[in-house]
Amino acid sequence: MRGIPERPDARKQLKKAQLLAWLSIAYLMSTVSLLFMVMGGSQALKTELLEDALSFVPPVLFLVSDRFTRKEPDRKYPFGYERAVSAGYVGSSIALLAVGAFLLIDGAMKLVTAEHPTIGGFPLFGHVVWTGWLAIPVLLWCAIPAHLLGRAKRKTAEPLNDKNLAADAAMNEANWQSAGAAILGIVGVAFGLWWADSAAGVLISLEIIRSGWTEFRTALGDVTDRSPLTLDEKEDDSVGERIAERLREQPWVADVVVRVRERGRELTAEAHVVPKEDSISVDEVSRTGELVCKVDPRLAEVTIAPVRTLPEDVAKARQPEDA
Amino acid sequence: MLRCWPVLLLSMVAGCGLPLDPEGTSKRLASTHELRVGLTDNQPWTDSTRSEPSGIEPALVRTFAARIGAKVVWTKGSETLLAQALKHHELDLAIGGFDAQTPWVSMAGISQPFAETPDKKKHVFLTAPGENQFILTLDTFLTEHLRKSKGARS
Numbered sequence: 069m070r071g072i073p074e075r076p077d078a079r080k081q082l083k084k085a086q087l088l089a090w091l092s093i094a095y096l097m098s099t100v101s102l103l104f105m106v107m108g109g110s111q112a113l114k115t116e117l118l119e120d121a122l123s124f125v126p127p128v129l130f131l132v133s134d135r136f137t138r139k140e141p142d143r144k145y146p147f148g149y150e151r152a153v154s155a156g157y158v159g160s161s162i163a164l165l166a167v168g169a170f171l172l173i174d175g176a177m178k179l180v181t182a183e184h185p186t187i188g189g190f191p192l193f194g195h196v197v198w199t200g201w202l203a204i205p206v207l208l209w210c211a212i213p214a215h216l217l218g219r220a221k222r223k224t225a226e227p228l229n230d231k232n233l234a235a236d237a238a239m240n241e242a243n244w245q246s247a248g249a250a251i252l253g254i255v256g257v258a259f260g261l262w263w264a265d266s267a268a269g270v271l272i273s274l275e276i277i278r279s280g281w282t283e284f285r286t287a288l289g290d291v292t293d294r295s296p297l298t299l300d301e302k303e304d305d306s307v308g309e310r311i312a313e314r315l316r317e318q319p320w321v322a323d324v325v326v327r328v329r330e331r332g333r334e335l336t337a338e339a340h341v342v343p344k345e346d347s348i349s350v351d352e353v354s355r356t357g358e359l360v361c362k363v364d365p366r367l368a369e370v371t372i373a374p375v376r377t378l379p380e381d382v383a384k385a386r387q388p389e390d391a
Numbered sequence: 666m667l668r669c670w671p672v673l674l675l676s677m678v679a680g681c682g683l684p685l686d687p688e689g690t691s692k693r694l695a696s697t698h699e700l701r702v703g704l705t706d707n708q709p710w711t712d713s714t715r716s717e718p719s720g721i722e723p724a725l726v727r728t729f730a731a732r733i734g735a736k737v738v739w740t741k742g743s744e745t746l747l748a749q750a751l752k753h754h755e756l757d758l759a760i761g762g763f764d765a766q767t768p769w770v771s772m773a774g775i776s777q778p779f780a781e782t783p784d785k786k787k788h789v790f791l792t793a794p795g796e797n798q799f800i801l802t803l804d805t806f807l808t809e810h811l812r813k814s815k816g817a818r819s
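Residue numbers (my numbering), protein chains in the order written: chain A, 69 to 391; chain E, 666 to 819.
Among the hints, a few may not be true.
[To be verified] Computed Cβ-Cβ distance ranges for the label pairs, DEER-style:
id, chain 1, residue 1, chain 2, residue 2, range
1, A, GLU226, E, LYS692, 53 to 63 Å
2, A, HIS215, E, THR782, 42 to 52 Å
3, E, LEU746, A, PHE170, 24 to 34 Å
4, A, ALA176, E, LYS692, 29 to 39 Å
5, E, PRO768, A, PHE170, 14 to 24 Å
6, E, ARG732, A, ALA166, 29 to 39 Å
7, A, LEU297, E, LYS692, 57 to 67 Å
In short, the hints are calculated from the structure, not lab data. We put the CB at the ideal spot given by N, CA and C, even for glycine.
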């Protein structure tokens, strides 16, 4: 199937990821509306609400992009549509950064001007209870299912090699931190510490900025053809080296430089190859291309370009291990 | 009964005296028995033309004051003046036909509605910001009043 790695379980995992995206949307609707009800004058809850509202973007982008990216390449977009998603993520991450920065300033201003948050009573079944007490179970509902959803998403992100899904999963998993901060803020207010609320709001806004930054780096790396990283983005992916190694094993190859780029969930590679002899057989080149494609299930396309000498720019991309 | 236990639990927590007022309004009321109320003229809700304020809201404020064992100390002034005084905790309450959409929300706290007019406006009191225990006491009183007046009408 187009757009997903060649792995036997990929199709099943894609179905699962789609289901999780729908589940996330339904869940976020519940958290956003519950938070809206109990928000009162709390800065921490307002910040948490906006964070959850922004969390709609990744699952929606996932579902939209999933249809869009599988469109076949055409004359206008000869490489297919996978990159459109990365562009979407660049946009959404900038929105995340902007809202995070706004909330940081908003919360900090409230701390500086010593604004006391008003959290009053909430009519419930003929009683009036303090809205702050109601906010605590709501915040627990924001934290625990999000964590479980995040874990489930992370498990599907791996076989699908979906970096954006992995980033979203990490954010969901970390959401208990901001919900926890908001709970501390509310408990602080209950004990008459007015500043606890804005302080919690500031912490949550920093969390939003952090997720925005992670998402921005992921998406920007993709659109700027950064060499692939592992799914957690901590290390370089070894796929380029593995392709180069396989090529060097071929009897007709004297030297090679491999450049790999990510295209959504898949990889495409270009190999500039200097043959040992002046003439090479077309069959040999095609056979090698097919062979190399099997190095990694994520490889959708490998282009082999036989050259007399390596072009200058290409030679610069040589991995230090090869030198 | 099952539906009731969270409410019971919450009332128990509330019974421990939480939330507290950062500026100690409830404590002050318990010792001085003075409820500081600002009003601005807005008939029929408030009428400050005579020496003793009258109208729907002053009557309600007096009932509330009686409930918490305090007497009302009135201050007359413009909306701006009252909102400033609330912000600086020089008043506990302000009345004058405010509804829930009031722009003073940035400076003062807003109570639960005590009346709904046919044009769907929810009428509220303004409070000193963040005095959550006091506001909870007021909200409890006003919600009760709203329920009773709705019951009387239907």
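At the C-beta level, are E:PRO768 and A:PHE170 separated by a distance inside 14 to 24 Å?
holds (21 Å)
CB of A:GLU226 to CB of E:LYS692, is that within 53 to 63 Å?
The hinted range 53 to 63 Å holds for A:GLU226 and E:LYS692, with Cβ atoms some 57 Å apart.
Range hint compliance [Cβ, A:HIS215 to E:THR782, 42 to 52 Å]
holds (45 Å)
A:PHE170 and E:LEU746 - C-beta distance against the hinted 24 to 34 Å:
holds (32 Å)
Okay, A:ALA176 versus E:LYS692 on CB: inside 29 to 39 Å?
Holds - the Cβ-Cβ distance for A:ALA176 and E:LYS692, about 30 Å, lies within 29 to 39 Å.
57 to 67 Å was suggested as the range; check whether the CB atoms of A:LEU297 and E:LYS692 agree with it.
holds (59 Å)
CB-CB spacing for A:ALA166 and E:ARG732 relative to the 29 to 39 Å hint
Because 48 Å falls outside the window, the suggested range is violated.
Comparing the model with each earlier hint shows a violation of hint 6 alone; every other hint is respected.
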